[in-house]
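For what it's worth, this note's numbering labels the leading residue of the sequence shown as 1, then goes sequentially.
Quick caveat, the hints were computed from the structure, so don't treat them as lab data.
Quick reminder that beta carbons are idealized off the backbone N, C-alpha and C, glycines included.
Keep in mind that a hint or two might mislead.
[As the list claims (entries may be wrong)] In the DSS-like style, the derived pairs of lysine-lysine whose C-alpha atoms are separated by at most 25 angstroms in a straight line are: (1) K113 x K45; (2) K59 x K32; (3) K45 x K32.
[Stated by the list, open to error] Here are the computed distance ranges between Cβ atoms for each label pair: (4) D112 x G134: 35 to 41 angstroms; (5) N133 x E173: 36 to 42 angstroms; (6) D148 x A46: 33 to 39 angstroms; (7) R126 x M47: 38 to 44 angstroms; (8) R135 x R56: 18 to 24 angstroms.
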Amino acid sequence: MKLPWTDRRGKSPSRPSCGKNEASSRFWKVDKGLEPENDGVSLMKAMPALDKLLTRAVKLGVFGTKMRSVINLPSKDGIAAVVAQQFDVAAQIAEHGLMPIIEPEVSIKSPDKAGAEAILLAELARRLDALPNGRQVMLKLTIPDIPDFYLALTNHKCVARVVALSGGYTRAEACKRHRQLNGRGGAVKWIGNQAASCGKPCGGDLYPGREGLSASGAIIDG
Numbered sequence: 001m002k003l004p005w006t007d008r009r010g011k012s013p014s015r016p017s018c019g020k021n022e023a024s025s026r027f028w029k030v031d032k033g034l035e036p037e038n039d040g041v042s043l044m045k046a047m048p049a050l051d052k053l054l055t056r057a058v059k060l061g062v063f064g065t066k067m068r069s070v071i072n073l074p075s076k077d078g079i080a081a082v083v084a085q086q087f088d089v090a091a092q093i094a095e096h097g098l099m100p101i102i103e104p105e106v107s108i109k110s111p112d113k114a115g116a117e118a119i120l121l122a123e124l125a126r127r128l129d130a131l132p133n134g135r136q137v138m139l140k141l142t143i144p145d146i147p148d149f150y151l152a153l154t155n156h157k158c159v160a161r162v163v164a165l166s167g168g169y170t171r172a173e174a175c176k177r178h179r180q181l182n183g184r185g186g187a188v189k190w191i192g193n194q195a196a197s198c199g200k201p202c203g204g205d206l207y208p209g210r211e212g213l214s215a216s217g218a219i220i221d222g
């Protein structure tokens, strides 16, 4: 699968490489932290200088971005607000020709994690269905309580990759849960150093059609 990723001039930036210095510049964390919890969730703080940051990222050959929200309770309104904000910012990022990683983290300490995941799945599917033709995003999701609960998302035409988020589980528990994930041809992969401990190579290809992308240490603050 080839990702439709070009900049505003219609040119494709350079392919990521495995070198440590190269890999560390390919993803930028663009959020500015979290707002206080409200309605069971913590939205991202405002990012007034985001366009300036994204313009700089494109010039430096960055491939994509990540941004994190947190879901603590199975609140329909709260989770809808988290997903709406993530997709709104993702659209802004995509306009610069960058690949957005959408990360609505469900807290593993949630008193009803499975309930929150059910609401999140519905909201993500709804927003993915509304994306324009040719637009793709990545999803970084807490490993669900039900194995392959997000399988429908990995098969969605607008999802380039689903990335597993350990979310605070112990290494042993995270690896156990990760081994239960199948996904699209092994599409669900770690991002981070625990990959090696789970029997997954740290240099796993997170993007179909884009070889040589190091998963370890690939995200830095912009």
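So, going through the hints one by one against the coordinates:
1. K113 x K45: Between K113 and K45 the Cα gap is close to 24 angstroms, so the pair holds against 25 angstroms.
2. K59 x K32: Within the cut-off at roughly 21 angstroms; holds.
3. K45 x K32: Holds, because 6 angstroms separates the two Cα atoms, which is no more than 25 angstroms.
4. D112 x G134: 35 to 41 angstroms: 37 angstroms, holds
5. N133 x E173: 36 to 42 angstroms: 40 angstroms, holds
6. D148 x A46: 33 to 39 angstroms: Holds - the Cβ-Cβ distance for D148 and A46, about 36 angstroms, lies within 33 to 39 angstroms.
7. R126 x M47: 38 to 44 angstroms: With a Cβ separation near 24 angstroms, R126 and M47 fall outside 38 to 44 angstroms, so the hint is violated.
8. R135 x R56: 18 to 24 angstroms: Taking Cβ atoms as reference, R135 and R56 lie about 23 angstroms apart, which means the hint holds.
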